[in-house]
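Enquirer: Add chain F to chain D, keeping to what the hints say.
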Amino acid sequence: MTAPPDDCLARNEWICGEYLSTRREILLDAVLQHLELTALSVLVALAVALPLAVLARRRRWAAGPVLAVTTILYTIPSLAMFSLLLPVYGLSASLVVAGLVLYSLTLLVRNILAGLRAVPEEIRQAARGMGYGPVRLLLTVELPLAVPAAMAGLRIATVSAVSLLTVGAIVGFGGLGNLIYSGMNTYFKAQVLTASVLCVLIAVAADLLLLGAQRLMTPWTRAARG
Amino acid sequence: MLVLPPLLAGCATGPSLEDRGNVTAPPGDSHRLTVGSAGFTESDLLAQMYALLLSDAGYRTSLITVANRELYEPALESGQIDVAPEYAATFADWLNAKSRGPDAPPVGSPDLATTMRELRRLAAPRGLAVLDPGRAVDQNAFAVTASYARRHGLKTLTDLGKSGLKVRLAAGDECVERPYCAPGLRETYGIDITAVDPKGVGTTQAKRAVQSGSDQLVLTTTTDATLDAFGLVLLADDKKLQNADYIVPVVNRARAGGEGVAKALGKLNAVLTTADLAGLNQQVDSWRRLPEDVARSYLRDKGLLKG
Numbered sequence: 001m002t003a004p005p006d007d008c009l010a011r012n013e014w015i016c017g018e019y020l021s022t023r024r025e026i027l028l029d030a031v032l033q034h035l036e037l038t039a040l041s042v043l044v045a046l047a048v049a050l051p052l053a054v055l056a057r058r059r060r061w062a063a064g065p066v067l068a069v070t071t072i073l074y075t076i077p078s079l080a081m082f083s084l085l086l087p088v089y090g091l092s093a094s095l096v097v098a099g100l101v102l103y104s105l106t107l108l109v110r111n112i113l114a115g116l117r118a119v120p121e122e123i124r125q126a127a128r129g130m131g132y133g134p135v136r137l138l139l140t141v142e143l144p145l146a147v148p149a150a151m152a153g154l155r156i157a158t159v160s161a162v163s164l165l166t167v168g169a170i171v172g173f174g175g176l177g178n179l180i181y182s183g184m185n186t187y188f189k190a191q192v193l194t195a196s197v198l199c200v201l202i203a204v205a206a207d208l209l210l211l212g213a214q215r216l217m218t219p220w221t222r223a224a225r226g
Numbered sequence: 001m002l003v004l005p006p007l008l009a010g011c012a013t014g015p016s017l018e019d020r021g022n023v024t025a026p027p028g029d030s031h032r033l034t035v036g037s038a039g040f041t042e043s044d045l046l047a048q049m050y051a052l053l054l055s056d057a058g059y060r061t062s063l064i065t066v067a068n069r070e071l072y073e074p075a076l077e078s079g080q081i082d083v084a085p086e087y088a089a090t091f092a093d094w095l096n097a098k099s100r101g102p103d104a105p106p107v108g109s110p111d112l113a114t115t116m117r118e119l120r121r122l123a124a125p126r127g128l129a130v131l132d133p134g135r136a137v138d139q140n141a142f143a144v145t146a147s148y149a150r151r152h153g154l155k156t157l158t159d160l161g162k163s164g165l166k167v168r169l170a171a172g173d174e175c176v177e178r179p180y181c182a183p184g185l186r187e188t189y190g191i192d193i194t195a196v197d198p199k200g201v202g203t204t205q206a207k208r209a210v211q212s213g214s215d216q217l218v219l220t221t222t223t224d225a226t227l228d229a230f231g232l233v234l235l236a237d238d239k240k241l242q243n244a245d246y247i248v249p250v251v252n253r254a255r256a257g258g259e260g261v262a263k264a265l266g267k268l269n270a271v272l273t274t275a276d277l278a279g280l281n282q283q284v285d286s287w288r289r290l291p292e293d294v295a296r297s298y299l300r301d302k303g304l305l306k307g
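Here the protein sequences come in this chain order: D and F. Note that the working numbering has the first sequence beginning at 1, numbered continuously upward. Note that the working numbering has the second sequence beginning at 1, numbered continuously upward.
So that you can see chain D by itself, here it is in the shape it has in the complex (with noise of 0.2 Å):
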């Protein structure tokens, strides 16, 4: 059998620049399956949460039954969702984003209608007393106002998603959850080590991307306190 070759690889180091160079072309897929997963995830809860909390915001019988039902799909394993979900999607990447979205939705939804709630009875009445119609109401006063808390839900639903998207790694679809998930089979350190810091930065960057876009929305909250 030949020598095995000396370097930082066959050593198996935390921090491995051979490491880097050889697999720069994998980290860079899965750092963009890992970013594209997330994102889309994020953007169809979204999508889903918005309606179901204005539902529980105007119609007071729906309230209990929609937090109640995406409250009891948190509280499913992430390991059992997907395994759940597994027939109905085969072993795809909508599996893995129909998961994440089942997730987020407790936290979209809770935060969107806590803003929603938020909002002063006062300035409603005074909306309404301008000749403002219900969804007018909602589009120009209710959601704008409701926005700091909802960003507040989006940043903590992003975020858990990015780190819940490793799980995807049990179907191939993980993102950088597929590195750290084989490089664990194989107590590969500067794998899981790499896999597992570039899953920490996209989570800090995606926050503060999500931060930024709240600033710009909201300006009056700046004005207000300046």
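Careful: at least some of the hints might be erroneous.
What the hints assert, rightly or not - FRET-style restraints, in silico, Cβ to Cβ:
id	chain 1	residue 1	chain 2	residue 2	range
1	D	V200	F	D173	29 to 37 Å
2	F	T194	D	I76	23 to 31 Å
3	D	I76	F	A104	30 to 38 Å
4	F	A104	D	E18	43 to 51 Å
5	D	V200	F	S62	27 to 35 Å
6	D	A47	F	A104	46 to 54 Å
7	D	P87	F	T194	44 to 52 Å
8	F	G213	D	V197	38 to 46 Å
Since the hints were derived computationally from the structure, they do not count as laboratory data. No residue lacks a Cβ here, since even glycine has one placed at the ideal position from N, Cα and C.
Expert: Chain F only, in chain D's frame:
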């Protein structure tokens, strides 16, 4: 919008329940094939070799890695995965347990021909075809330190039984009751096993325990390439206690059951040996090379790739 298309697709693929009993359609030869890997090194390597051989034969291939057999076997039935590497006896037992329940008597045996017959009988109703096995076998194996073997003149498990030595066995905790493990060693070989040390199958801790002398025998597998590093040697299973876990490609018959796939993958059968596979595992596990690179350079060295 996200929910509907996969739902429909899920219903449209794979043999329907009524057809499962008799798959009579001619074996298919799809040109886009998905090769599945079960996510551990050897499976990755074999899947990479299958994919390279298939693309060399003109197929367009993609690879998918899933965590375990519970996930990829249904995908293999439905045609989401077309080709996957398997172990004959283990897969036969797994399919048997799936059809008849976990308490079904095992069908895998040390005899390759019997095992293959049983495996094909179980796989056919599920729309799966099992291609011919090659030379590589990944089965359970037992190792002692080289110095211990020299001192007591041991080459086979029979030698160990005849020596009358008392041995502590480092293995998984299920070894106590599995027929291939402690009970088999006692009954078939007459080995005096004083205790089973539950350190896992072929783990570093298990090998260290034997190296240091606290245990004498370790359960590992025939494709374990790290034995040298621990100063261990395998004792031959001369009375054929272990099941015939030959490596076989399993394919979805409707999509990859044709001559082309069998011919492309069959090229590996005459070439890949158990020792080769152990060497390849070592390059990935110990040297941390990429499975794809290791697989490609092996196939190139053996002249199995045209491109």
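Enquirer: Against each hint, give a clear statement of whether it holds in the structure.
Expert: Here is what the structure says about each hint:
Between V200(D) and D173(F), the C-beta spacing of about 36 Å keeps the proposed range 29 to 37 Å intact. In this structure the supplied range 23 to 31 Å is violated for T194(F) paired with I76(D), their Cβ-Cβ distance being about 46 Å. Our hint of 30 to 38 Å for I76(D) and A104(F) holds, since their Cβ atoms are close to 31 Å apart. For A104(F) paired with E18(D), a C-beta distance near 48 Å keeps the hint of 43 to 51 Å intact.
The beta-carbon spacing between V200(D) and S62(F), approximately 30 Å, falls within the hinted interval of 27 to 35 Å. For A47(D) and A104(F), the Cβ-Cβ distance of about 48 Å falls inside the hinted range of 46 to 54 Å, so the restraint holds. For the pair P87(D) and T194(F), the beta carbons lie near 48 Å from each other, so the given range of 44 to 52 Å is met. Between G213(F) and V197(D) the beta carbons are some 41 Å apart, a value that agrees with the proposed interval 38 to 46 Å.
Hint violations for this structure: number 2 only, all remaining hints satisfied.
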